[in-house]
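Chains as they are written, first to last, in my numbering: chain D, 1 to 443; chain F, 1 to 443.
These are calculated hints, taken from the structure and not from any lab test.
Misleading hints may appear alongside valid ones.
[Stated by the list, open to error] Cut-off 30 Å, straight-line C-alpha distance, at most; resulting in silico cross-link-like pairs (DSBU-like, lysine-lysine):
1) F:Lys185 to F:Lys280
2) F:Lys185 to F:Lys235
3) D:Lys75 to F:Lys317
4) D:Lys34 to D:Lys317
5) D:Lys185 to F:Lys75
6) F:Lys317 to F:Lys185
7) D:Lys280 to F:Lys75
8) D:Lys75 to F:Lys185
9) F:Lys317 to D:Lys317
10) D:Lys185 to F:Lys185
11) D:Lys317 to F:Lys34
12) F:Lys34 to F:Lys235
13) D:Lys235 to D:Lys280
14) D:Lys34 to F:Lys317
[Unchecked claim] Estimated spans, in silico, between C-beta atoms of each pair:
15) D:Asp303 to F:Gly362: 46 to 52 Å
16) D:Glu52 to F:Gly362: 49 to 55 Å
17) F:Glu246 to D:Asp76: 16 to 22 Å
18) F:Gly356 to D:Lys75: 55 to 61 Å
19) F:Ala411 to D:Ser56: 49 to 55 Å
20) F:Thr25 to D:Glu380: 58 to 64 Å
21) D:Ala298 to F:Asp303: 22 to 28 Å
22) F:Cys70 to D:Gly374: 40 to 46 Å
23) F:Asp303 to D:Ala262: 53 to 59 Å
24) D:Pro238 to F:Asp83: 36 to 42 Å
25) D:Gly374 to F:Gln207: 38 to 44 Å
26) D:Lys75 to F:Glu246: 18 to 24 Å
27) F:Gln396 to D:Cys70: 17 to 23 Å
The model shown is predicted, which means the values in this text are computed figures rather than measured ones.
We treat Cβ as the ideally placed atom computed from N, Cα and C, and that holds for glycine.
There are 2 protein chains.
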Amino acid sequence: MSALLTDLYQLTMLQVYFDRGMNRTAVFEFFVRKMPENRNFLVAAGLEQVLEYLESLHFTEAELDWLAGCGRFRKDFVDSLADLRFSGDVAAMPEGTPFFPDEPILRVVAPLPQAQLVETRIINLLQFQVMVASKAARVRLAAPGRLLVDFGLRRAHGAEAGLLSARASYLAGFDGTSDVLAGMKWGIPLYGTMAHSYIQAHDSEVQAFEDFARSHPAASTMLIDTYDTEAAARKLVPLAHRLAGEGIVINAVRIDSGDLAAHARSVRRILDGGGLPAVKIFASGNLDEYRVQELVAAGAPIDGLGVGTRMNTSADKPYLDCAYKLQEYAGVARRKRSEGKATWPGRKQVIRSLDGAGRMTGDLLTMAGEAAAGRGLLEEVMRDGRRLAVSPALAQIRRHALEEFGRLPAALRTLAPAPAYPVAVAEALHALAREVDSRTTTD
Amino acid sequence: MSALLTDLYQLTMLQVYFDRGMNRTAVFEFFVRKMPENRNFLVAAGLEQVLEYLESLHFTEAELDWLAGCGRFRKDFVDSLADLRFSGDVAAMPEGTPFFPDEPILRVVAPLPQAQLVETRIINLLQFQVMVASKAARVRLAAPGRLLVDFGLRRAHGAEAGLLSARASYLAGFDGTSDVLAGMKWGIPLYGTMAHSYIQAHDSEVQAFEDFARSHPAASTMLIDTYDTEAAARKLVPLAHRLAGEGIVINAVRIDSGDLAAHARSVRRILDGGGLPAVKIFASGNLDEYRVQELVAAGAPIDGLGVGTRMNTSADKPYLDCAYKLQEYAGVARRKRSEGKATWPGRKQVIRSLDGAGRMTGDLLTMAGEAAAGRGLLEEVMRDGRRLAVSPALAQIRRHALEEFGRLPAALRTLAPAPAYPVAVAEALHALAREVDSRTTTD
């Protein structure tokens, strides 16, 4: 990604840092300030893309020429950017880890100009994947045992949002995506059926089904709601039997409109009555965790669900109150005190305690390096601009996430609002905040 | 953009079309089904990116190899994709044109496989820019005469969303963006100040201001809310006078937290009382059209506003109920009848009527080619895969949009819900729908 995908102010600040030689070590942390309504926990996601970005950070010649010519920056400063690479350290929570407000999930330690320049893209990458993974986790918890497929590429906010929401939802327990590029890029299992336009382009609906099955003899899912859902299901019965004689398998139907539970029940009766009990029912259309939960609670005979728009735009809360804040510069802890936006200063660690059954009991926000009982969630992943290890495969991150969801207190695993998970702030951190406040000059 | 940025079902359908030789001309149209709550009109946007996508559509060798190896497609079909280019025609409403539900803003006429394959990305591009332009237009109408700057890159849903929301908001009347890459790419004016981290990295706030001004002597905007907004404004007064003596200009302050109207008033008094009436006040922080309107209505002495997250995620409605639907295949009109999702069949045109003062009085949805009084809004922009003209510059599109907003009925130009703009459906279209329905077989 272009180093110019950033806010102008990063560069205007860097001009000053260049002029003043302000190049000492800065510590920034990314955290969410406030739990969104209708979320009981958040899921760390997006680290892999942040590391890729940091590893490849540089200005191209065309970008430097443009900066030099835009009239805002001095030549010597722009020239200095030619050598800019990210040479800092990164610590982070593993992707798939549940977390809570005020807990940093990423810490960047680097010379001030580098650590500052990357702010915009780091927030841009982490906010989105955290948001989608946190939403997708709710859908996953609402539909145990059901196949869940991301269908949201078309209404995602642009190409990257489509790709990254396929990744974030899979990471949080979805079974696959319709997004072919995401399948090619990360090996996410792909699912797809047919569009209404496919049926419409044929003069006969049943001919459309037959053509499709013949082109995809091993497996196919027929979209049955273009004209009349139950009528299409009835037409499918003799067709499926006839094709089965040729070894051609129709293995599912998809319903995309109307009362999904009612249609699923009547279609299930038609298929079972027609001797097709193995043909599965897949449903889609304006689904989110609440609708999915209703369908499950109603006992609708739905085997799989396509969930798109509302999940991958996080439609009920399409942004997080999150920040990437300076916590230390030149060895001195710092904090912002703006009204309603004060932050905890210094390098921090999150210590998580578990009970004997491995269930989470509470977190402690403390200073990095302080001894504390429990597991420190932030792990060093990059040193001097280089990764310390190969990243885990996405399927492995997904297993970690599902395991971690199993450790959440039971109340947090439901869609109902739960009491906030206990996150204590260490006394050492309170003391540091007081110290920073007393020191900040108001000259 | 990769041709694989599409839903799997597009490719499974294309396999069937290949097997059956279904290659005749298809007509698809993109439209919004339903006006979102809290919008009185929509703004056409995103056409330029659609045309760029169509012009460059092709599969790379690596993509073809992956498709051939994924186990879902036959070799002869994958081989045929090597030659796939977009060779169709496109008609569209010019970007910046207000439109309403059921009105197509884009029509694609191409061999069925091509027209089908591009569905996902066309929706992905048009939905997002329409949504952001329509939201940004409301902010623009709520803040006449105020400088409006897009600050939303960091909380946009990924890189492309950040870029395209800078474009869509500028197109709809914003004055600029903080997104440097959008500035480089489209010449959108750039705005930026400094971050709180910049202030925090200094031991003295006033020294931070002075350093910044010295590095940017022609103009600078000081962020004054890191510790105490009014105290910072008071510190700025002697500094600004002292630097003015050296020809260094501090031209604005930014307030990013707390009660923006109250802070703006007290800061205005401090600046005016200190002999700095020319220093402007810029405000930011969780703004949308409603908060902007409140600030304007309260007479807050705010000259410019940074609007981000809520605008470029269209936070109150982060998706549109929109579709790209088959309207004709092989010369025969088609339509979908799914419950709640029926469409108007055939190639359509939107005819707009104006009164003597140039104000819009009503639209007519009719069949393309039918004679009707008024201006047809869809214009041919691409033929046989080639553009018919160079696209207008973004600044020209913006002028067109602002002019068009001036033609909207007065009630639609407010934030209050307005009666729906009249869109009539021509009798010929009703007749065609009846004809299509009577023809559709249910065999």
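Hint by hint, here is what the structure shows:
1. F:Lys185 to F:Lys280: 29 Å, holds
2. F:Lys185 to F:Lys235: 38 Å, violated
3. D:Lys75 to F:Lys317: 44 Å, violated
4. D:Lys34 to D:Lys317: 12 Å, holds
5. D:Lys185 to F:Lys75: 21 Å, holds
6. F:Lys317 to F:Lys185: 28 Å, holds
7. D:Lys280 to F:Lys75: 29 Å, holds
8. D:Lys75 to F:Lys185: 21 Å, holds
9. F:Lys317 to D:Lys317: Within the cut-off at roughly 10 Å; holds.
10. D:Lys185 to F:Lys185: 27 Å, holds
11. D:Lys317 to F:Lys34: 21 Å, holds
12. F:Lys34 to F:Lys235: At roughly 52 Å apart (the allowed maximum being 30 Å), Lys235 (chain F) and Lys34 (chain F) break the hint.
13. D:Lys235 to D:Lys280: Distance ~16 Å between Lys235 (chain D) and Lys280 (chain D) Cα, so the pair holds.
14. D:Lys34 to F:Lys317: Holds: Lys34 (chain D) and Lys317 (chain F) sit about 21 Å apart, inside 30 Å.
15. D:Asp303 to F:Gly362: 46 to 52 Å: 48 Å, holds
16. D:Glu52 to F:Gly362: 49 to 55 Å: 52 Å, holds
17. F:Glu246 to D:Asp76: 16 to 22 Å: 21 Å, holds
18. F:Gly356 to D:Lys75: 55 to 61 Å: Check passed, 57 Å falls within 55 to 61 Å.
19. F:Ala411 to D:Ser56: 49 to 55 Å: Cβ of Ala411 (chain F) to Cβ of Ser56 (chain D): about 51 Å, so the range 49 to 55 Å holds.
20. F:Thr25 to D:Glu380: 58 to 64 Å: 59 Å Cβ-Cβ, so the 58 to 64 Å window holds.
21. D:Ala298 to F:Asp303: 22 to 28 Å: At 56 Å between Cβs, range violated.
22. F:Cys70 to D:Gly374: 40 to 46 Å: For Gly374 (chain D) against Cys70 (chain F), whose Cβ atoms are near 44 Å apart, the range 40 to 46 Å holds.
23. F:Asp303 to D:Ala262: 53 to 59 Å: Once the Cβ atoms are compared, 57 Å apart, the range 53 to 59 Å for Ala262 (chain D) and Asp303 (chain F) holds.
24. D:Pro238 to F:Asp83: 36 to 42 Å: 39 Å, holds
25. D:Gly374 to F:Gln207: 38 to 44 Å: 41 Å, holds
26. D:Lys75 to F:Glu246: 18 to 24 Å: 22 Å, holds
27. F:Gln396 to D:Cys70: 17 to 23 Å: 22 Å, holds
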